[in-house]
Amino acid sequence: MNPQRTPIPPPAVKNNRTFHVHTKGLSGSLLNDFYYRVMLASWPQFFIGAILVYLCINAGFALVYFLGGDMILNARPNSFIDAYIFSFQTSTTIGYGYLLPKNGITHAIVMVDVFSGLLFVAVLTGLVFARFAKPRASVLFSKQVLITQHCGQTTLLVRLANGRKRSTIVNCKVSAVLMMEDRNPDSIFERRFIDLKLERDNIPIFSLTWTLAHTIDEQSPLYGLDKTAIESYGTILIITLDGIEDIFAQTVHTNYIYEAQHFLFNKRFASILNQHKDGSRMIDYARFHEVEESN
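Be aware that the sequence shown starts at 14, since it is given in the working numbering, and climbs by one per residue.
Among the hints, a few may not be true.
Result set (BS3-like, lysine-lysine): computed pairs, CA atoms no more than 30 Å apart in a straight line [unchecked claim]:
id : residue 1 : residue 2
1  : Lys156    : Lys186
2  : Lys156    : Lys210
3  : Lys210    : Lys280
4  : Lys186    : Lys147
5  : Lys240    : Lys210
The set of hints was computed from the structure by calculation and includes no laboratory data.
With these hints in hand, go ahead and build the complete structure from the sequences.
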């Protein structure tokens, strides 16, 4: 690789987890990816969306009762509020006994209203359970990638830590992929993905910290590159982790994306692992992202 080249803007990264990509020509309707969108939404977004959907369902049936004329016993004439309250009581099967169906047509609409309410509650319960049951790996990734001298060799280092106190990840496997962008001799833009060989890419039990190490030798794609060259190639490092969460015995997966500006040279990670007199160990997570000058 020639480090003297015109820099290529790297792809935008969102929250260090995924690439921010705009698409064209694909169907983006809500119904096509409804379950996927619901699972990705935050809890506030999920509950706000559920409330809005429920209010809209009740409003739809209330509009039917309102436009139907004199359909609700004891309701005030031309009162949409009473129609909405009746729809709400019907869908939740509360039925206080004051607002009542007045004729056969109303009874038929009430049956559909009750069914829609029960169906909504069933779907909502299933979605809440699915969100709670979704396995998540709580893994901390260092904010920086270090390129420094380690055991007498130039080495790329990334630090990981288990983010849960009472849980471990067993049969944990990690991969590191370098993404570099360039133009070939025909001036065609291309993106290359290169697997980085790690000193160790798996451990049987991940409960404390783990520093990933890649030796930068003649076979490494990073050999001979400085900070400027790494940035000129729009370099991105993608770390993926897979394992089995021991409490629920579920496979978990997580990833982290480092952009070129996250690469630091001639630094080392601050020590965060201490051992007590009784043999137990303590991890100081407050210093997890700290780096120091390399000797």
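The hints, checked one at a time:
A C-alpha spacing of about 20 Å is found between Lys156 and Lys186, which places the hinted pair at or below 30 Å, so the restraint holds. The suggested pairing of Lys156 with Lys210 holds, with an alpha-carbon distance near 21 Å, which does not exceed 30 Å. Between Lys210 and Lys280 the alpha-carbon distance is near 21 Å, which keeps this suggested pair within the 30 Å criterion. For the hint pairing Lys186 with Lys147, the CA-to-CA distance comes to about 20 Å; that is within 30 Å, so the pair holds.
A hinted pair counts as satisfied when its Cα atoms are at most 30 Å apart, and Lys240 with Lys210 qualifies at roughly 21 Å.
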